[in-house]
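There are 4 protein chains.
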Amino acid sequence: MIPRYSRPEMVAIWSPETRFRIWFEIEAHACDALAELGVIPKEAARTIWEKGGAAEFDVARINEIEAVTKHDVIAFLTHLAGFVGPDARFIHQGMTSSDVLDTCLAVQLTRAADLLLADIDALLAALKRRAFEHKDTVTIGRSHGIHAEPTTFGIKLAEAYAEFSRARERLVHAREDIATCAISGAVGTFANIDPYVEEHVAKKLGLKPEPVSTQVIPRDRHAMFFATLGVIASSIERLSIEIRHLQRTEVLEAEEYFSPGQKGSSAMPHKRNPVLTENLTGLARMVRAYAMPAMENVALWHERDISHSSVERMIGPDATITLDFALARLTGVIDKLLVYPQNMEKNLNKFRGLVHSQRVLLALTQAGVSREDAYRLVQRNAMKVWEEGKDFLEELLADKDVTAALSVADIREKFDLGYHTKHVDTIFRRVFGEG
Amino acid sequence: MIPRYSRPEMVAIWSPETRFRIWFEIEAHACDALAELGVIPKEAARTIWEKGGAAEFDVARINEIEAVTKHDVIAFLTHLAGFVGPDARFIHQGMTSSDVLDTCLAVQLTRAADLLLADIDALLAALKRRAFEHKDTVTIGRSHGIHAEPTTFGIKLAEAYAEFSRARERLVHAREDIATCAISGAVGTFANIDPYVEEHVAKKLGLKPEPVSTQVIPRDRHAMFFATLGVIASSIERLSIEIRHLQRTEVLEAEEYFSPGQKGSSAMPHKRNPVLTENLTGLARMVRAYAMPAMENVALWHERDISHSSVERMIGPDATITLDFALARLTGVIDKLLVYPQNMEKNLNKFRGLVHSQRVLLALTQAGVSREDAYRLVQRNAMKVWEEGKDFLEELLADKDVTAALSVADIREKFDLGYHTKHVDTIFRRVFGEG
Amino acid sequence: MIPRYSRPEMVAIWSPETRFRIWFEIEAHACDALAELGVIPKEAARTIWEKGGAAEFDVARINEIEAVTKHDVIAFLTHLAGFVGPDARFIHQGMTSSDVLDTCLAVQLTRAADLLLADIDALLAALKRRAFEHKDTVTIGRSHGIHAEPTTFGIKLAEAYAEFSRARERLVHAREDIATCAISGAVGTFANIDPYVEEHVAKKLGLKPEPVSTQVIPRDRHAMFFATLGVIASSIERLSIEIRHLQRTEVLEAEEYFSPGQKGSSAMPHKRNPVLTENLTGLARMVRAYAMPAMENVALWHERDISHSSVERMIGPDATITLDFALARLTGVIDKLLVYPQNMEKNLNKFRGLVHSQRVLLALTQAGVSREDAYRLVQRNAMKVWEEGKDFLEELLADKDVTAALSVADIREKFDLGYHTKHVDTIFRRVFGEG
Amino acid sequence: MIPRYSRPEMVAIWSPETRFRIWFEIEAHACDALAELGVIPKEAARTIWEKGGAAEFDVARINEIEAVTKHDVIAFLTHLAGFVGPDARFIHQGMTSSDVLDTCLAVQLTRAADLLLADIDALLAALKRRAFEHKDTVTIGRSHGIHAEPTTFGIKLAEAYAEFSRARERLVHAREDIATCAISGAVGTFANIDPYVEEHVAKKLGLKPEPVSTQVIPRDRHAMFFATLGVIASSIERLSIEIRHLQRTEVLEAEEYFSPGQKGSSAMPHKRNPVLTENLTGLARMVRAYAMPAMENVALWHERDISHSSVERMIGPDATITLDFALARLTGVIDKLLVYPQNMEKNLNKFRGLVHSQRVLLALTQAGVSREDAYRLVQRNAMKVWEEGKDFLEELLADKDVTAALSVADIREKFDLGYHTKHVDTIFRRVFGEG
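Residue numbers (full-length UniProt numbering), protein chains in the order written: chain Z, 1 to 435; chain F, 1 to 435; chain U, 1 to 435; chain A, 1 to 435.
Okay, chain Z solo, but in the shape it has when bound (with noise of 0.2 angstroms):
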């Protein structure tokens, strides 16, 4: 994480202010919960409820006694004691500093996986604004980067936001995978403490109790949450270059939105760089790159060591808090983004009617010309656009064996755009459903 590519919600769920306040609030809703059991009295978890909530966790001060105990969660329970008195011998009962560590982090990662979900649904509207706007917008669709037949830009669009529907619908099950509480004790087998305890801090920070753990939530969770970040930030990757190559010089088509002051290059005046999406390509790269020591965390030994800890103190900042910047990012290009039909068009027709050779392929088939001979009477006709630059549509009347098999207003209506354009309807109803 760094600031550049940081937005200020994000990094809130991260700060020590933020982990020392979920913490207390693990240790006294389980007193709550103690109390209730009669293991500790129930005036004691009043007072650390209130003593606790009243007090202001000073993180240097923490940090010093850590230094002396190497163990944050000894620390921070010697510093809560400070205020809470003598009542504060109850705090922790036959917990271990896993229960508050693992607790936290699902409470921390359902947060971030929240701020994501709203990422998305924005992102989705952005998408869906300008899908609509485009619908009709004729463009030629590109295989292998070379031209192939037209498409509207507005296809392009819902083709984008059906990959973010399912990246949300990813998300929403890697919350559900990290969503978990345990509060199981040491190896997780509950001897010090009653599983009741577990079901009630679950359900007062609306998570789930861990149905097995031991001693640490299993990190298999952890790997599914973070391999899906990486998944949805290859979709970023492949809208972001999408955007890339339709601002090239040659192409145009469209361009991020280019600020009053802005400047391209320090150099070169002229320019207009798609330096958002650049920047966004980067990203993915990084929150990609975090799915694989999440994965490495899983094979803990035995009932947990710790080696996972070091990799999570920097993937669960990094790759949420990236993965937010980016998102915000993308929707603002989105929502921004110059779009420019009348380049589109002009793209459309630089191999004049050569677009159209899959037409004139099929019609020739139908009208009982091989497969093989339709394709080589095609194929030689094209070339002749592609390498003398000549018009398709002329070649293909000047060309006998092409004009034994269909006529010249058959061939001529194979050149019609519209033919291209009749299901977009349909694919808008399947994305975007009927509303």
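All clues given are correct.
If several chains are the same, the list does not tell them apart, and a pair holds so long as it fits within one copy or across any two.
In silico DSBU-like pairs for lysine-lysine, Cα to Cα no more than 30 angstroms straight-line:
1) 203 / 42
2) 414 / 384
3) 422 / 346
4) 51 / 203
5) 422 / 350
6) 390 / 346
7) 400 / 70
8) 422 / 204
9) 70 / 414
10) 208 / 42
Hints were generated in silico from the structure; no laboratory data involved.
Please build the complex by placing chains F, U and A on the supplied structure of chain Z, with the hints as guidance.
Structure of chains F, U and A alone, referenced to chain Z:
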């Protein structure tokens, strides 16, 4: 994929024969729909099914044709035409090769997913059986590789069961993600083929129509699929490493089955090595690695490029065949695992009584000693056990600060193993359900 | 590895036949050294070379034996004994299977590295030839996909030449890293085998003795090797993507050779797609991915475990065969690349004169205008070219603030293309040397 | 990067203050060269050094300017102009921001590499000291986690020393790879700046001129650098995992130093956990992960895009700071490692005499028993030790097939530990040299 780590049923999914057969079925189903729509003669569709259905596709011959056309689907269609005769010209009308290739890949991946689901079911059955067998086999739980507190070997296996239940659920999601059919023609506009054809073929093949394709099925679907396999492989690694640890000479609480005639080492005849789980550890690294290129495949250029294809030709078989093999091998390991409860007991008692330190700590705090003082009291006696081989119970009974707070009977009671296993039933109920 | 992306010479390195032959040679060379030391009879060593050298190893038979022993080296030794007779008991004295396996892998990897070095040499030759051919072919340089300033196509290829020269040097280092021989016996102490044997075998096989092995050759060596292949693959990706960009319909400055009979698309006969470089893009993703498990292989347990083995059985062939194929394919692409200087010129002039904006900026600052003002002056005229299709030179000449600082002749002089290519010779000398 | 895992000297390299200072120096050195060439006044160059050299750059102010210009180098130059006055217009003549940014990154990475080299030297010193200390401390060597044959603890550390010597050499190569300077102007043609400027700046900064740059320094250099860090991190992981294994409760042959006041567990006061090496295991995963985006950065579009930038802003600091911290932590662990030779001896004798099985095997074969029979003889006695806790020597002496081939004295001689350590000096000489 290498034969050593392959099983025939999964290998068969990826054979050229299977692929060509699926290609044929996609084309033939499409012909049915086209015939229904009146685009091609009904008789032609029938002929195609009959003659193509009876054909034995010659892989070598198709490869020869491809060497000229440099296009695999065209090579196949040319070969197919030889069987079908003149009606062959009605095949592939308005379709593009991606319609065939991507839908075929969806069929192959869903079949592969079905095998993998069956593999997981077999593993779950083995885990469940062994978990119940060892539900009450007390063993030491370890955090950081260090003795922590007692648990049971059944709980260890229950954890693995819960983890692979999650793996199963994730695979079901991942299977849904790639189970779509695209017959949408060049750049996905349905210009040359009615959406009905896609719906028909999808239904026949047990797939859903892809809401919006861009000539290809979007690759975020496949990225999610392979990322999920990577997470499942990581769970395999975890259980494998657990077993490798248990088989260490100094631990020897469990051991891979060692068959008669097997040789552990060419040089040292005394060796019995956990080679299967070591092998699984390596295989897990491979399956995990394939997630990366799958994610990089997402950002195809515009409506599609073909950079994903070489990746999928490799990881399609490699990831599924390797994971299938690994799951089956792990099932065998669990099924036949030699378990040594006596060694578990011996290890548990290695540092005499030390594993009960937490209980004494809690008793002291409940008797009014502050948490910090209690920790210090327990730790100073524990270190004598650790460093000087003393007996923990004896040390505590000899420590006047301890006996000032707790009676001898109280202290003795803290050394009861049953205390740690009292919630095993709860845990099993959570993991395996009531039944 | 799949046949589609393989070349026979590299495949042969990884065949079982080659492997068994190398195993035999390691054993036989070791016997020579043992005979010299008087550990085994000299005659036995001779017999082993004679009978083993003439033997045709039967892969299927060895596999059958392995199915029982579950140990590949023992299976091989048993098979070998059948040819050698009673003297076979002198083979493998004091050695462990890793001595054979790891030294064999070193032989295979060095041979693979030699092929790859030859591949790079061929690529460098092609790049050099085409670079000199197009040394003065002016083309637009692009940053961010946006026209920047003129360069030459030869410089582009010189960059690639310099990059693959670095790739070559890295591979030489990586080859050194894995070219070691270990014949050190169980846990690497030489307890049962004199270090002289290792020295002898190393010398015979063109390797260096591993200074300290732990039964296995340390895997950081292999990690470095495969990581280096990953970096080389990334350079292949870069050049491939350059070509894919140049072949885009709107750019069309270069094109992969399109052979007679080739078909670009089953549906669209007009297509000529950069399928080879797209394919290389995908293959690069794969070779890169193999670096990860190679790095995870480093941390074997204690003196060794066998988790690295399954990984290496896969990535050993997969990475080297794929990279060999990719380098050769790229060489072919470069060799036959169709280059279109006229299109380069046409593209260069697309935004009339805009690429000279920096020169005007510099001239203004040198004429006393502040950098900020100069930037503003140039940018405002550039934007008119960009947005309204104006001619940059005309706009500048009509801008009074510009002509107040610069004479008309001065301004005109800034539009000279030769200005940009004046250091081509310097650059070529730096890259290709004086010759 | 997070403070917890950072050391100040490495952090300082990546501070904005350092960056701006390097930027200034690059610009000022370039001005000297430009003045020498007569492009700008000599006096201007002097003024720039004087006023810029004395300036305190205001990071917050530069960020504000960047918020408008959206260009960091322009923001800096604007800020710098405020200090320098009118002569500021002579700064950055003919340069592009990449000249500054990429050369700055080269300076930062070489400085980082120098710190890392010093870190490795410190680690090597610690390893050497402890290796000689324990050169003759006999311990059991383990393959597959299973007792194999005796070795010494010094040999284990010698292996680590050899491995980090290789790491050092690799880092030297990687440092060379990124130590280049590019001052070549837009698209790298030197059109607006004489190559002499690059040579001058390179010399002043201890770099080499980049033979051919494309506005940016080619990213294969950085990919190789970060891949090398990943391999080094993997070596850290290996040594860390060795220590974690040795500290396992059942093994306890070595232990991380446990400081007074340290608490191993909040719940279990008896715990002493290998938390430092577990932490290092996690950090290694992170450094390794950064190799992937670095490799993906290679394939920039045409002469450059800026997708690499966000990646490098993150992994530049993250990888070097984390690796610096990890190397230093590992050095501390080695330096203070508690070693328990008595436990090593106890473990070695756990399966009484079993570790000598190979010697007996060899003696049998040399006495004329076939390899297969000898293996069977030894294995059947070994299994009784393994399974029934028998004494290996006694079993052998009681086995008539064994005593038929070997005398009692012969058999007894095979149980001598000194046999296994006779080549320790040779190994140490190979690793540490003659001294």
